[in-house]
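Construct the entire structure; sequences and hints are all you get.
Residue numbers are given in the numbering used here: position 68 of the sequence shown equals residue 50, and the series is strictly consecutive.
Hints listed in this document are in silico derivations from the structure and should not be mistaken for laboratory results.
Please read all numbers here as calculations on a predicted model, not as lab measurements.
Among the clues, some could well be false.
Said to hold, decoys possible - Simulated restraints on C-beta separations: (1) LEU79 - GLY28: 22 to 32 Å; (2) GLU38 - ARG18: 15 to 25 Å; (3) TYR11 - LEU(-9): 17 to 27 Å; (4) PRO55 - ARG6: 12 to 22 Å; (5) SER7 - LEU83: 24 to 34 Å; (6) LEU86 - GLU51: 44 to 54 Å; (7) TRP16 - MET(-10): 18 to 28 Å; (8) GLU64 - LEU(-9): 39 to 49 Å; (9) THR29 - GLU91: 28 to 38 Å; (10) VAL48 - GLU91: 32 to 42 Å; (11) VAL48 - VAL(-6): 21 to 31 Å.
All residues carry an ideal CB built from backbone N, CA and C; glycine is no exception.
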Amino acid sequence: MGKQATEMLKGVLEGIVLAVLAARSGHGYEITAWLREQGFTDIAEGTVYAVLVRIEQRGLVDVEKVPSEKGPPRKVYTLNAEGRRQLDEFWSTWGFLVDRLEQLRTEQEGQ
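Here it is in structure tokens:
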């Protein structure tokens, strides 16, 4: 990804993580690995952990500590009802932005 894409991704990463958690619970490493498999190769694991801490503090996820074979227990994150409301708002905002950007693009191409 180029610098512009990386900067844009930072602005929507919370919504992306919420969307991942809407489909499946997971811990930070699993979420990062899944995102990389989907083509988000430049996402640093630490960036995802920072998002997880933020959404936990905002009460958007439930957290369960589960034993790990390698080291301390892992925090498994599950989207809760408040997180689903936040995700719905994210998708609504995303749809609005996509519509407006597409309108701008087509207007510009028409000139």
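Going through the hints against the structure:
| no. | hint | result |
| --- | --- | --- |
| 1 | LEU79 - GLY28: 22 to 32 Å | 27 Å, holds |
| 2 | GLU38 - ARG18: 15 to 25 Å | 22 Å, holds |
| 3 | TYR11 - LEU(-9): 17 to 27 Å | 19 Å, holds |
| 4 | PRO55 - ARG6: 12 to 22 Å | 19 Å, holds |
| 5 | SER7 - LEU83: 24 to 34 Å | 32 Å, holds |
| 6 | LEU86 - GLU51: 44 to 54 Å | 51 Å, holds |
| 7 | TRP16 - MET(-10): 18 to 28 Å | 20 Å, holds |
| 8 | GLU64 - LEU(-9): 39 to 49 Å | 24 Å, violated |
| 9 | THR29 - GLU91: 28 to 38 Å | 34 Å, holds |
| 10 | VAL48 - GLU91: 32 to 42 Å | 51 Å, violated |
| 11 | VAL48 - VAL(-6): 21 to 31 Å | 28 Å, holds |
When each numbered hint is compared with the structure, violations occur for hints 8 and 10.
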